[in-house]
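Assemble the complex: chain Z is given as a structure, and chain F must be docked to it using the hints.
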Amino acid sequence: EAGVVQSPRYKIIEKKQPVAFWCNPISGHNTLYWYRQNLGQGPELLIRYENEEAVDDSQLPKDRFSAERLKGVDSTLKIQPAELGDSAVYLCASSPRLAAYSSYNEQFFGPGTRLTVL
Amino acid sequence: QKEVEQNSGPLSVPEGAIASLNCTYSDRGSQSFFWYRQYSGKSPELIMSIYSNGDKEDGRFTAQLNKASQYVSLLIRDSQPSDSATYLCAVNLPYDYKLSFGAGTTVTVRA
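Chains Z and F supply the protein sequences, listed in that same order. Quick note: the first sequence uses our numbering, first residue 1, plus one each step. Quick note: the second sequence uses our numbering, first residue 1, plus one each step.
No lab work stands behind these hints, which were simulated from the structure alone. Please note: incorrect hints may appear among the correct ones.
Chain F is faced by these chain Z residues, among others (derived, beta-carbon under 7 Å) [said to hold, decoys possible]:
#1 Pro43
#2 Asp86
#3 Pro111
Just so it is clear, the structure is predicted and the values come from calculations on it, not from any experiment. Quick reminder that beta carbons are idealized off the backbone N, C-alpha and C, glycines included.
Bound conformation, chain Z alone (with noise of 0.2 Å):
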């Protein structure tokens, strides 16, 4: 079973310039997240999708992040514009089945995008 896909790996761009990141879930999985990881930490939710529905984007920063997942597969994030602040690794996770139906739901991840913001 193929593992959930995401590109690009690596981004280097200068502050003010926008920036997109894909994700192909696991196929079957319902549930689809993005999540930020600074060095040191854990990582911590942006968005989470539960087929095409964004049902908890409370962490969103949406000055300038946007999400889409437009036929409930894969998934693209994007900056517009970055701040020196966004340099992290961007990570996209799934899940087989919906949160709502299941707090045992285990969730798998995806390389990872490293953004580095000149």
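Below, chain F without anything else, positioned relative to chain Z:
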């Protein structure tokens, strides 16, 4: 108070010894608990899930859960150099359906 707390380490153990990692959580209603292993420069990899009080063993790994004490631990038996990594404790928050992660404990297994 942080939702999930771990000792940051580093925890250094000799090869073949037992590594013991601890994690405490603040929300008494939490129902599911996970341990992830993260090698330097890589993404978190799920290694253990535990939902009931007691012990759960998988190979050289044992997870222990005590909900009354709000405490979950991970034991790594017969530690190998390949176990050198950061171990993240994650707790499923009740009514919120999201995982809250600790900052991780870095383990170094010395040959």
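- Query: So which of those numbered hints doesn't the model satisfy?
  - Reply: Those not satisfied come down to hint 2.
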